Structures are given as C-alpha cells and as structure tokens.
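As a plain string of letters, each chain reads:
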Amino acid sequence: MTSLVKNLVLAATVVAAPLMGASVASADGEKYILVSHAPDSDSWWNTIKNGIALAGEQMGVEVEYRNPPTGDLADMARIIEQASASGPNGIITTLADADILSGPIQSAIDSGVDVIIMNTGDPEKARELGALMYVGQPEYDAGYAAGLRAKGDGIGSFLCVNHYIVQPSSQERCQGFADGLGIDLGDQMIDAGQDPAEIKNRVLAYLSANPETDAVLTLGPTSADPTLLALEENGMAGDIYFGTFDLGGEIVKGIKSGVIQWGIDQQPFLQAYLPVVVMTNYHRYGVLPGNNINSGPGFVTADGLGKIEEFAGEYR
Amino acid sequence: MAQAIPPAEQSDERVKDISSFRKALIRPELGGIVGTMAVFTFFLLFAFDSGMFNSQGVMNWSIVSAQFMIIAVGACLLMIAGEFDLSVGSMIGFAGMIIAIFTVTLGWPAWMSIFMTFIICIAIGGLNGWIVIRTGLPSFIVTLAFLFILRGFTIFLPQVIERKTIIGGIKDASEGDWLAGMFGGKIFGGLFTWLGDIGAIATFERGSRIGEPVVDGIPMLIIWAIGLVIFGHILLTKTKFGNWIFAAGGDAEAARNSGVPVSRVKIMMFMFSAFCATVFAVCQVMEFGSAGADRGLLKEFEAIIAVVIGGALLTGGYGSVLGAALGALIFGVVQQGLFFAGVESSLFRVFLGVILLFAVILNTYIRRIITGER
Amino acid sequence: MNTQQTPIIEMKNIEKHFGRVIALAGVSVEIHPGECHCLLGDNGAGKSTFIKTMSGVHKPTQGEIFFEGKPMHFENPRDAIEAGIATVHQHLAMIPLMSVSRNFFMGNEPERRFGPMKLFDHDYANQVTMEEMRKMGINLRGPDQAVGTLSGGERQTVAIARAVHFGAKVLILDEPTSALGVRQTANVLATIDKVRKQGVSVVFITHNVRHALAVGDRFTVLNRGKTLGTAVRGEITPEELQDMMAGGQEMVALEGSLGGTV
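Residue numbers (our numbering), protein chains in the order written: chain Y, 1 to 316; chain Z, 1001 to 1374; chain C, 2001 to 2262.
Since the hints were derived computationally from the structure, they do not count as laboratory data.
Please read all numbers here as calculations on a predicted model, not as lab measurements.
Just so you know, even glycine gets a beta-carbon here, dropped at the ideal spot from N, CA and C.
Where hints are given, some of them may not hold.
As the list claims (entries may be wrong) - Derived DSSO-like pairs (lysine-lysine); straight-line CA-CA distance at most 30 angstroms:
| hint | chain 1 | residue 1 | chain 2 | residue 2 |
| --- | --- | --- | --- | --- |
| 1 | Y | K151 | Z | K1164 |
| 2 | C | K2070 | C | K2135 |
| 3 | C | K2197 | C | K2012 |
| 4 | Y | K125 | Z | K1164 |
To be verified - If you want the ones that stay clear, here's a sample from chain Z, every Cβ over 10 angstroms from chain Y, calculated:
| hint | residue |
| --- | --- |
| 5 | R1027 |
| 6 | M1052 |
| 7 | N1054 |
| 8 | Q1056 |
| 9 | T1135 |
| 10 | F1140 |
| 11 | I1141 |
| 12 | G1189 |
| 13 | I1210 |
| 14 | A1293 |
Put together the whole structure using the sequences plus the hints.
Structure representation (structure tokens):
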C-alpha cells in the first residue's frame, strides 16, 4: 500500500514540477492578449511576436501571444473565449472567419473587453462587431492591386502557390490577383501544403506541366522560400515573373538579386505594434484615432532595401 | 517454467492478499483520477484568480474537455476492441463540410442534412472497419489512408462547389430546426438568467445583450459528451456486447474460438467512432455556423492521447470509458489552463508530452497489478 | 468404457488437401462417450488439421463424419459448439487481460433485464464462476481476478471447466500440457480425469506418451497424415507408442544413444 501511495505522490509531483516554474508574475500595467489564427509552424508570425514584445516594453504593458497550435479556427474561437474569461483590458485578434469568430469576439466586447481586429478581416466587419478599429491590409484589395501591376507588366497567366489553402484570406489574395489581371483563377492556384520539400516539388511539377506560365505568386515566406529553390533548380529563376506577398530573409535576397520583381509588404510589425500602442493610450488617456489603419499594401522592389534587409524576419 | 511446489490444495498461496482499500483503489481509472486531482490542484494554486474558475472560464475549459470527451469515447471503445481510427480528425472536417454543402448549397432542411451526414459518415466508418477485417491490414494504415482521403475531399468539395474553403451561413439556414437545436443549442437558460440576476455569475456590461448573463446555458455539446460517456461506460462494463469488445481486443483468435462475432464487433466500433466524430462535427457546425476545411486537424491524436491518459492499453483489450473521459478532462483543462496561467503558448506541447509520458507510466504500473502482466 | 454403444463421433477416411499439400490422407477414428481418447503424433503429423476438421473449422476434402450416428456438416465452429463439440486450444483459450468471470462467460454472457435494456448479469456470472472453479480445485481471490494472474495449468483448467459448464459432450484438448511444468501438468491431467467421470468424451492431443498413458483409455497415432491404428489401454507399451509416432526407424537408434530417456 505505502509503495503505491508513494508512487502516486511521486508521479503527481513530477507531473506538476515543470508547471511550477511556468506561472508568470503579472506586470503592473494593462494586460492585452493577441490571438492569431496561425499554426505554430507559420514563421511569419515571429515579426508579430517581436512587435508586441517591443510595444509591451515601451508602453509598460503586458502582452501575450496565443494561437491554435494546428491553425484550427474552431480552436481559435475557444482561445478568444478563454482570453476574454481571463479578464484582460483588451484583445487584439484576427478575423480569419467571421462566421466562427464573431460570436466569441462579440461576447468579449459585450463583457467589457476592448477589441482591435488586426491582419486578417475587413473594416466593415470590425465596425459591425463594435471593435475599436481595424489595423491591416485588406487582402482582396492587395491582391487586386498586385494583379493590376502585373497586368501592366504584360502578364497573362500565373501560378498561385497557396500554402494555407484552408484559410479564406489566402484564397482572396489569389482571387484578387486573378481579377486584377482580368483572368479566371481556375486551376492556377495549387494547394502546396506547409512542408518546404513538398511545396518545392509541387511548384516544379506544375511548372513542368505548364511551361508557358507567365508568373508565380507566392503568399508568404512559407511558400516563397521553397519556390525560389524550385525556380533555381528548373532554371526559371530571373526569367519568370515572380511576385510575393509578405517579406522574409530569403524574399529580400530574391528581390535584391532580381529573381523576385516585387514583394507586397503589409508591414506586420505595425499590425502588432500599433494596436498595443493605440489601446494603451485609449485606456490611459481616452484618445483613439478616428479611422482604421492600413498597414499595407506597399510594393517593395529592388530600390531601397536597406532597412528591410537589416530587419528582415525580425521587425520587417 | 517447471515449478515444483508442494501441497496441491494451496495453489493460491503465492497470490498475495490484497486489502479491500487497495482493491477499490486499483482500477483502470486510477491514473485518470489521480491526474485530474493533480491538474485541478495545480491550477487552483497557480491560476485561481486568473478567471479560470469564474463562470466564463469554467464554461471555456468544460466545452473544450467535452469536445475531447465526445471523440475519446469512440476512440476508447475502438481501442479496447483492438483497433485505431486515425481518420477521426478528417471525419470531423468532412462531416461538417457535407452538412454545410447539404444545408447551404443544396438548401436542404437542417434535420435532413444532419441525418444524411450521420448515414454517410457511419457508412464510411463501417467501410474503414470492413477493409481492416477483410484485408487483415493494420487499422493504423487503413484509417491513415482515410485521413488523407477525407481531408482531401473536405478541401476539394467546397472549392469545386463554392470556390472557397469555408462555407458559412449554416446558422441562418438551420434557424429553428429541431434537430439542429439538439446539437448547437443550449439548455437551462432560465437557470443561468436567474443566476445572473442574483449576481452569482457576471453579466454583460454593454452591447445588445447588456444585463444578460455571460454564460447563458449549458451547450448541447456538453450534454452529448456526458450522454456518450454514460452510454459508453454502460455498454462496456454492463452488457454482453461490452464483454465482446474486451474479448475482441484482448485476443481476437481466442474470442472467435469462444463464439464471439469479432468482425462484427470491430466494424461496429469503427462505426461508433465515426458516429462520435460526426456528433463532434455537427455540434461545432451548429454552434459556429460555418464549416471549414481545417476543422478537426490532428483531433485523432488528441482523442488517442485522452484515451491513453485514461488508462487504455494501446494494443487493445483493456481500458475504461470513464478513464478516457477523465483523460479528456485533463487534456482540456491543461490546454486551456496553461493559457489562464499565462504560460507561453508554444510550451503547450511540452506539457502535453510530459503529462502523456507520466500518465502512461502510472497506468502501466496499475495495469500490471491488475492483470498480472510481467 | 463400452465399445458396443454408438460412437459419439465417428470419422471415416477423412482426407484434407490444401492445394497440392495433402494434410490428411485417410484418417479414421471413433470417439466413444465418456472415454479419454488420446491422439498422438509428432509435429506435422496432421493433428491440428484433424481436430480442426472435427470441430468444424475445416471441411474435409473427402470422407464422412458421423455425430451421434448421424452424418454431420458443420458450416463453422459455432455449429460444432452448439452440437456439443468444444475445443480448448493450446494458447488461444483465455484472454489474460480479462477477469476469470468475463472469460468464463465469453460468448455466452448471461443477461438480465433492466427496464428496456438487457444487461450482463455479473452477479450470476461471478457466482457460477467461483463455484465451478472451486469444483476444479482452484481457489480464486475473486471472480474479477484477471486470467493473466493465473498459471498456465490453471488457465487450461478454467477453459476446460468453461467448456463442460456450457454442455460440451466432446472436449477437444489441443496439447493442453505442452507448455506446462510438472505440477501444473498433473493438475490438468487430474481435471481431464474429473471431466471424463462426468461422462464427457475427451479428445486429448499430445505428443507426450507419458501424459497420454496417464489418463488415456484408447490411443490413436497419427503419422504423416495417416492413422496407424487405435490401441486400447493396457495393450500397448510406451515404447511401442513412441516408435509409432516417430515412424518406427530412427527412434530405435536414437533411443540407444540417449539411454531410453526419450
């Protein structure tokens, strides 16, 4: 008997041990929670994490980052409910799917938590829900602008490398681009998956099956980096028209070397940094900008890459 | 092997006497009970004033745990019957998507869509089982194939039909439907309004629902979870069929020799696992009003983890539905509780791994006492 | 033992072919009520195929089987079990992770009504199990004790008691003693004796001559898919049986060098 009890106590202690060190002392200032829709594997969100960390430090507030580990939006809804139950001063969240997320966000707002919508979503929906504002880059518009630009450069067909097919905003980017070009999206969007090797091989396969493709559009570093490798391998690098959403270390190099014509910078740093600053000032002094803030789109080309290069993947 | 132990009539003198207290303690659920107590003790100590134990917080981790419970019951019975179902997560996504297509795209009444979805998904579960039985392949491989097949359709169908990967508008389409209400509705609303009125739970401070309680009822999801746990527990421990489940998983050949219809039992458990996944999907779709291609990702592993934390043996023939339910509770409380405790969210998997490891070690120890395995 | 009465099972010239392999090439055996009939044979002699044919797992390619004087055609083992032919397999009789009581009633669960539901009657099952085990000389800690905690001999005994309890007229024991120690073997042989005294026929498959002679009434030797005749207790010596099993030749030479210990 005693040995059993001992074992149980031992087991319980060992399970609890790693948790002990984990509880954090709350800071004195306001507490904000940023909820993203991105799975753990999406490295792009690192800039967001750095952005809120910097803003938290500068403003003297506590900001936590949370996300559904697999990117399941239903799990994200639970995280927003949970965030709201833990009673923060404000929640900064994406609106990846209004159907799923508006309920929990609405409840949070109604129970007295201020909300700013960032990154994914659109200004109308944010206003409807009663969020303070929207900070980000409307996806379809950004894709459309990019499409118009590419059309001006004489592009008639393209490949959209979608590494996040289940996320509607990814598709809006491709759709906007196709509409900007004035063509049908059709089969030009591929589900590339998240694994770099798979993305690379799918791009290679598509391009060898459709060698007349004019342009490649990638939706972020996750799909752009392997696509760069694929183009190097099949010799299309520098020849095929290459545009991408978002920036990252490899993308910047690509733009510099001329393989990538342009990158659409939505400036995620601002999407993370500004909501924290805006909310803190709102809670401290009651001041609030009158409009939504568009953090993008801005086209980044080979000219003027200095700061971007320096802070790529960190703050850019 | 040859033991020459004298007098013949004392064949049990080597079996140690076991006190009745210890006997009551040593049960398959013990690991789950100990784990639940440990987890609650921990979070009461470290996250008590974080909102985790106010009405919204309790509802939050209860819902997450209930979700795990629903799929854990199916996974538990199937695992005891000696098989795995890795297609649970994809089945959740698939079931949700076909409900959305039926109700939104085809405009069927919600009850009919739900009904058809159950039929289709249970049939797919049966197909899973039938292939496993007929080919003799490990269910791991067969259901892994269905993991991809179903996920593929879940992405393909809405893209072809609606040109997007998330289909919304189910809430409006199923408004007032009797069957939809059994999955997405809430009950005991009056009780919670009263609790809100007397100030026992918080109320909304602003907006259209000002004055209403922040928790306005028990979601049907939780009712389903409790119902399935009770059903599974009675089925497993109190019926003839339950004995067959244990027998089929313990040793299929021995069970067949004793006249247990092993193939039928296993196929029915595959169907039950699919049923549970569909219940999960319908509750989710009816609550959120949309179906997405990413729903249910990795849920099969979460179900299996809950079942294993609950004391079931991966190779079958041993386990407990109550244990699996406690495993789901532990999983849900830890997952949400870590957020409340303010732990960096990327560490979640570390904790999960640690808990899983210790649960398995403890459960193995308990099981050896019970079954005399060496 | 009464050779005049109708055999409970009579197998005439049974042949069983698996593709081009001839597993049984004309085997004839009669099993009488209440006798212990030992079926001896070396590995590969066709013992397993033979008992599977008897218990309804295989259908014979040629030959006839009579059960209680009537020709029988078992479609599956279930039919054979219902007719009263029970097989206790060497390793596949019991499920170690399950309790003795659950094992005992596996496939024959007693039920009681509880409102609209039928539930497993655990009280009845536990009571019967304890009683039957006591009869066989096994004292359980409780009916919920797992079979895994029992010794190999005790497991065989539980399996035999189970078969008898559910009305077996013929009990086929597939090498019940092959993996057991000395004392456990003695227990199993004692169980066989008890069962035979209750009037149940026992078909005892073994390759151990001494175990066979300890309890057997008649002995049939199988060699390379054929029977080499049936002998009655007292008419045959252990050495003769041993020789027949081995095919007669090599063993004589071997026995000399091993000093008669085989």
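Which numbered hints fail: Hints 2, 6, 7, 8, 13, 14 are the ones this structure does not satisfy, whereas the remaining hints hold.
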